[in-house]
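**Student:** Listed here are the chains, written in short residue letters.
Number of protein chains: 2
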Amino acid sequence: MQYLDIVDCNAGDHGKAFATNFNPEINIREVTQKGKYWENGEWKITEPHEIHKPLNYPNIGPKESYLIYHEELESLVKNFPSLKRARFWMTFGQEYLTHLRVIQNIGMAGIKPVMYEGKEIVPIKFLKAVLPDPGELGENYKGETSIGCRIRGLKDGKEQTYYIYNNCSHEVAYKETGAQGVSYTTGVPATVGAMMYLKGEWSGKGVFNVEEFNPDPFLKEVAKQGLPWNELHGVDLEL
Amino acid sequence: MQYLDIVDCNAGDHGKAFATNFNPEINIREVTQKGKYWENGEWKITEPHEIHKPLNYPNIGPKESYLIYHEELESLVKNFPSLKRARFWMTFGQEYLTHLRVIQNIGMAGIKPVMYEGKEIVPIKFLKAVLPDPGELGENYKGETSIGCRIRGLKDGKEQTYYIYNNCSHEVAYKETGAQGVSYTTGVPATVGAMMYLKGEWSGKGVFNVEEFNPDPFLKEVAKQGLPWNELHGVDLEL
Numbered sequence: 001m002q003y004l005d006i007v008d009c010n011a012g013d014h015g016k017a018f019a020t021n022f023n024p025e026i027n028i029r030e031v032t033q034k035g036k037y038w039e040n041g042e043w044k045i046t047e048p049h050e051i052h053k054p055l056n057y058p059n060i061g062p063k064e065s066y067l068i069y070h071e072e073l074e075s076l077v078k079n080f081p082s083l084k085r086a087r088f089w090m091t092f093g094q095e096y097l098t099h100l101r102v103i104q105n106i107g108m109a110g111i112k113p114v115m116y117e118g119k120e121i122v123p124i125k126f127l128k129a130v131l132p133d134p135g136e137l138g139e140n141y142k143g144e145t146s147i148g149c150r151i152r153g154l155k156d157g158k159e160q161t162y163y164i165y166n167n168c169s170h171e172v173a174y175k176e177t178g179a180q181g182v183s184y185t186t187g188v189p190a191t192v193g194a195m196m197y198l199k200g201e202w203s204g205k206g207v208f209n210v211e212e213f214n215p216d217p218f219l220k221e222v223a224k225q226g227l228p229w230n231e232l233h234g235v236d237l238e239l
Numbered sequence: 001m002q003y004l005d006i007v008d009c010n011a012g013d014h015g016k017a018f019a020t021n022f023n024p025e026i027n028i029r030e031v032t033q034k035g036k037y038w039e040n041g042e043w044k045i046t047e048p049h050e051i052h053k054p055l056n057y058p059n060i061g062p063k064e065s066y067l068i069y070h071e072e073l074e075s076l077v078k079n080f081p082s083l084k085r086a087r088f089w090m091t092f093g094q095e096y097l098t099h100l101r102v103i104q105n106i107g108m109a110g111i112k113p114v115m116y117e118g119k120e121i122v123p124i125k126f127l128k129a130v131l132p133d134p135g136e137l138g139e140n141y142k143g144e145t146s147i148g149c150r151i152r153g154l155k156d157g158k159e160q161t162y163y164i165y166n167n168c169s170h171e172v173a174y175k176e177t178g179a180q181g182v183s184y185t186t187g188v189p190a191t192v193g194a195m196m197y198l199k200g201e202w203s204g205k206g207v208f209n210v211e212e213f214n215p216d217p218f219l220k221e222v223a224k225q226g227l228p229w230n231e232l233h234g235v236d237l238e239l
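Protein chains in written order, with our numbering: chain A, 1 to 239; chain B, 1 to 239.
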């Protein structure tokens, strides 16, 4: 595995002018920070949203995708030293980015407390109280997510490409669980990870990241639990 | 006086991504409400910012101007029953409007209290605490305001147009008072009104609006106090 691009597309529409799909405090801090990726043995830092391009997602089509920092990159480059490059891409709509920019401009993304009527209030925490509750977005959420890994590397000395991905429908996720697809694709893998531990499929002494364990029983079970995945071999990964 | 358009242009630049020129709570409520104007004996209501067009301002040029509701219209149409139409226009930049739209979308223009950590907090009041203090905008404020009345009516049976306006430089206002032009053009006329009262130029029993008093001593004094005005007769008012 020499080149890894994790691609995280949400092509859904929740019908709200602006809402975050999970904890707004975490979401806004995550996507407004500087970008960071691994290349040729070192971390490269970018301005927020500096690197972006349209990527094609299965069953969805092209969506503008932004290179952001996502923390799993930290352990992946340690556990796969063959990686020459590792990046994380997330899709954002223009309206979402406009809202983020304004939220920063007006000071509501701030993490330093502001004195207000004798009480210290952190702007982004108060914003969280005002924005729609991500848990309530599910009911009218249309469309689907597409999350995958696009990998290029050598197998038996020959260059190969491999793309593994899941598409998850917000509506189907909501019918099953009462939560939208972003919650579903966040929660189900963690649940299956816990199952692996309880069944003894994953074990060891100390602290591990998921990529250090055997993926086969995990992938088998995660497909059963609602996140079936597809593989593409030898396709153009656009990367 | 049959047709009156009050035109309020701020062509200044305070160098901030977003700031209001006076109390943000009042400013945001004022400009996000529905538009309202007087025509043919009745009030017409519009969606917020529904009616807009570029107007030419002296020494400034064309600026997109939005019909908004401004409360002096209420008494003007009572005190000048000859008015067939009375409107108020204010200029806004596209970025200002984008910020306003987002502030509404994310709920921060809300006037209903939100429970936050056991305390009732009104979003727009908290926003005020986070935004730049309008009183601090003056130092780097460039450009000028242009505020006037564009009037069409009959004089001696003949149709006439009349445009009276003041242009006020933010920098000159700041040098004199330490406050920017919007504060200056708000404060100086009120001060001169108080002078009229104290000098006995304006008097009466009860409550009056300024248009019920003799304008001549007021206009003479307001020009001396820093807001000299110009008149244009017979020009195209674009209205």
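Rather than coming from a laboratory, the hints here were simulated on the basis of the structure. Just so you know, even glycine gets a beta-carbon here, dropped at the ideal spot from N, CA and C. The reader is advised that the hints may include incorrect statements.
Derived list of chain B stretches under chain A, where covered just means 3 residues or more per stretch with a C-beta under 8 angstroms from a C-beta of chain A [to be verified]:
1) 103-113
2) 128-135
Think about it this way: if two alpha-carbon atoms lie no more than 16 angstroms apart in a straight line, the pair counts; the simulated EDC-like pairs of lysine to aspartate or glutamate are [stated by the list, open to error]:
3) A:K125 to B:E117
4) B:K125 to A:D236
5) A:K125 to A:E221
6) A:K128 to B:E117
7) B:K128 to A:E25
**Student:** Could you run down the list of hints and mark each one as holding or not?
**Tutor:** Status of the hints after comparison with the structure:
no. : hint             : result
1   : 103-113          : holds (count 6)
2   : 128-135          : holds (count 3)
3   : A:K125 to B:E117 : 10 angstroms, holds
4   : B:K125 to A:D236 : 53 angstroms, violated
5   : A:K125 to A:E221 : 37 angstroms, violated
6   : A:K128 to B:E117 : 12 angstroms, holds
7   : B:K128 to A:E25  : 20 angstroms, violated
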